[in-house]
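J.: Knowing the structure of chain A, use the given hints to seat chain B on it.
Sequence lines, in order, name chains A and B. Counted from 1, the first sequence has number 206 at position 222 by the numbering used here; the numbering is strictly sequential. Counted from 1, the second sequence has number 276 at position 292 by the numbering used here; the numbering is strictly sequential.
Quick caveat, the hints were computed from the structure, so don't treat them as lab data. Quick caveat: nothing in here was measured; it's all calculated off a predicted structure. Cβ atoms here follow ideal geometry from the backbone N, Cα and C, with glycine treated the same way. Just to be clear, a hint being listed does not mean it is correct.
[Claimed, not checked] Pairwise CB distance ranges (calculated): (1) B:His162 / A:Gln112: 49 to 55 Å; (2) B:Gln154 / A:Asn92: 54 to 60 Å; (3) A:Gln7 / B:Ala142: 34 to 40 Å; (4) A:Glu161 / B:Arg187: 18 to 24 Å; (5) B:Leu228 / A:Trp146: 49 to 55 Å; (6) B:Lys246 / A:Glu161: 18 to 24 Å; (7) A:Arg35 / B:Glu156: 53 to 59 Å; (8) B:Ser250 / A:Gln269: 37 to 43 Å; (9) B:Arg187 / A:Gly12: 45 to 51 Å; (10) B:Leu228 / A:Gln112: 32 to 38 Å; (11) B:Arg187 / A:Gln269: 15 to 21 Å; (12) A:Gly61 / B:Leu228: 43 to 49 Å.
[As the list claims (entries may be wrong)] Which residues of chain B face chain A? A partial, calculated answer using Cβ under 10 Å: (13) Ile107; (14) Ala108; (15) Gly109; (16) Val133; (17) Trp146; (18) Pro174; (19) His175; (20) Asp183; (21) Ala184; (22) Arg187; (23) Met188; (24) Arg240; (25) Asp255; (26) Ala263.
[As the list claims (entries may be wrong)] Below, computed lysine-lysine pairings styled on DSS-like, alpha-carbon distance capped at 27 Å: (27) B:Lys229 / B:Lys246; (28) A:Lys246 / B:Lys229; (29) A:Lys261 / B:Lys246; (30) B:Lys246 / A:Lys229.
If you want the building blocks of each chain, they are given just below.
Number of protein chains: 2
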Amino acid sequence: MIERLCIIGVGLIGGSLARALRQAGAVGEIVGCNRSAESLARAKELGVIDRAETDPSEAVKDADVVVLAVPMGAMEGVFERMAPSLKPGAVVTDAGSTKGHVVTVARNAFGEIPPFLVPGHPIAGTEQSGVEAAFPELYRDRRVILTPVTETDREAVALVRWTWEQAGAQVEEMNVEHHDEVLAATSHLPHMLAYCLVDALARMEESKEIFRFAAGGFRDFTRIASSDPRMWHDICFANRTQLLKMLERFGDDLERLGEAIKSDDSGAVMDIFQRAKTARDRYRQIDPGSPE
Amino acid sequence: MIERLCIIGVGLIGGSLARALRQAGAVGEIVGCNRSAESLARAKELGVIDRAETDPSEAVKDADVVVLAVPMGAMEGVFERMAPSLKPGAVVTDAGSTKGHVVTVARNAFGEIPPFLVPGHPIAGTEQSGVEAAFPELYRDRRVILTPVTETDREAVALVRWTWEQAGAQVEEMNVEHHDEVLAATSHLPHMLAYCLVDALARMEESKEIFRFAAGGFRDFTRIASSDPRMWHDICFANRTQLLKMLERFGDDLERLGEAIKSDDSGAVMDIFQRAKTARDRYRQIDPGSPE
Chain A
-15 MIERLCIIGV
-5 GLIGGSLARA
5 LRQAGAVGEI
15 VGCNRSAESL
25 ARAKELGVID
35 RAETDPSEAV
45 KDADVVVLAV
55 PMGAMEGVFE
65 RMAPSLKPGA
75 VVTDAGSTKG
85 HVVTVARNAF
95 GEIPPFLVPG
105 HPIAGTEQSG
115 VEAAFPELYR
125 DRRVILTPVT
135 ETDREAVALV
145 RWTWEQAGAQ
155 VEEMNVEHHD
165 EVLAATSHLP
175 HMLAYCLVDA
185 LARMEESKEI
195 FRFAAGGFRD
205 FTRIASSDPR
215 MWHDICFANR
225 TQLLKMLERF
235 GDDLERLGEA
245 IKSDDSGAVM
255 DIFQRAKTAR
265 DRYRQIDPGS
275 PE
Chain B
-15 MIERLCIIGV
-5 GLIGGSLARA
5 LRQAGAVGEI
15 VGCNRSAESL
25 ARAKELGVID
35 RAETDPSEAV
45 KDADVVVLAV
55 PMGAMEGVFE
65 RMAPSLKPGA
75 VVTDAGSTKG
85 HVVTVARNAF
95 GEIPPFLVPG
105 HPIAGTEQSG
115 VEAAFPELYR
125 DRRVILTPVT
135 ETDREAVALV
145 RWTWEQAGAQ
155 VEEMNVEHHD
165 EVLAATSHLP
175 HMLAYCLVDA
185 LARMEESKEI
195 FRFAAGGFRD
205 FTRIASSDPR
215 MWHDICFANR
225 TQLLKMLERF
235 GDDLERLGEA
245 IKSDDSGAVM
255 DIFQRAKTAR
265 DRYRQIDPGS
275 PE
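For reference, chain A alone in the conformation it holds in the complex (with noise of 0.2 Å):
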């Protein structure tokens, strides 16, 4: 059991995390931790969390184990802010979408990437945000992705494990650029797409007939775009590299369906349809949270 959590940023992945693990009876005093003071005390309200503290310097005091679940670009601040405080023997993890940023801003604010950092992605998530949204069930059956680097202490490891077990999910671990990559690929980049369409459909000019005449397909494809532009726009950044890459293999894709189309290229059209349908049908049997 963790006698004392620490969340940072309590929003849907942290509120989530703390509520999920108070209903395993996995934590005593849940310490809680956001810039604004107004959703702060309104996770106290909802019973998220036990305490409210607004600076992680102070948050982090005492805790066990602290997890920040903040957008990535407020990462770096918040571990200078609680460099100074942590306890001898508290092991930090985090949830950011990118982890090659994440162990960067750690060596940043801690002159060392510390032993007991253990970078981790829970796999989950809405298209909402905030507390109010947050629910003991988001990580039931969901993967969790750590990626240790060489200095991370084995023990802080195992502890992290055990606590996103204690949540219901399953915990991998990764390296630290294959999982960028791997998230570009099926996080990062239809997040972009489904934004850039949206926008582009919203600057259309019919764009209210447009919406009106949207069916069932274009509703779940969009879904996405309805998430935290704050949140996404930070992952943006944070992984640029990987994110680029994708974005560019993707604008050849889409190109060279477009000259198939145009040079009447039947074949070379029904292939990549094809393709796609038996990767998403095969796709289908694996994802272990689909209801379909």
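T.: Structure of chain B alone, referenced to chain A:
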């Protein structure tokens, strides 16, 4: 009531209309016509149709209303086959996703645009296909767009409108070109993006891992890539002008987003994401079928 209805192409779209009209008591006999005798037998077995014909010229004899729910590429051939056997006064409509193409091939097949032809398009469907997937509620509260042309008989339009309304749909009229532009934006382009993305990932070396770590957002985003490749192949070419225009526009937008990330233009990236979120949230409120 429609005494004799003929559905050509008894799959998800045609089969669901048959089931809905039967449930509403809006139809006497339903004659089904498919190229494949096997799926036709299945449709009869399931009670979706009363009588099975594999030849369109036989199937349409004595029909009061004929509905074509075949892939776009099959439309012209079906029109040609049915032309000599349609009974005087019969009304013909279709469920194709691009209307300019239907009008063109109808002109080819009939020598003119027949006044009894009401081009139509139900904005409904799932990523499934086949008569087994058909269900009577598919069109409930969904929109159906009719795109009559100058030649179209208004009484025929009224009958087709009534037919879709019996299935629970909201019927609207639009001109052909506008329909094709709107649909290229809200449906055809998103399908291209989903197919292209899943294909791109499937071709990546580590594709197995990639799909294993995909989250819920990816599942929703790529659901439409499980759609029938042949159907979408046909739509691609049938609506190529509007689709290529949208593909190009989107490609430019995506490139601009990439440039903004590359050049550290934080404001430009935030603008795109924020505009998209606002538009998507607004759409959520007007979407009649939205469960969110």
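J.: Run the structure past the numbered hints and jot down the numbers of the failing ones, going up.
T.: 1, 3, 16, 17, 29
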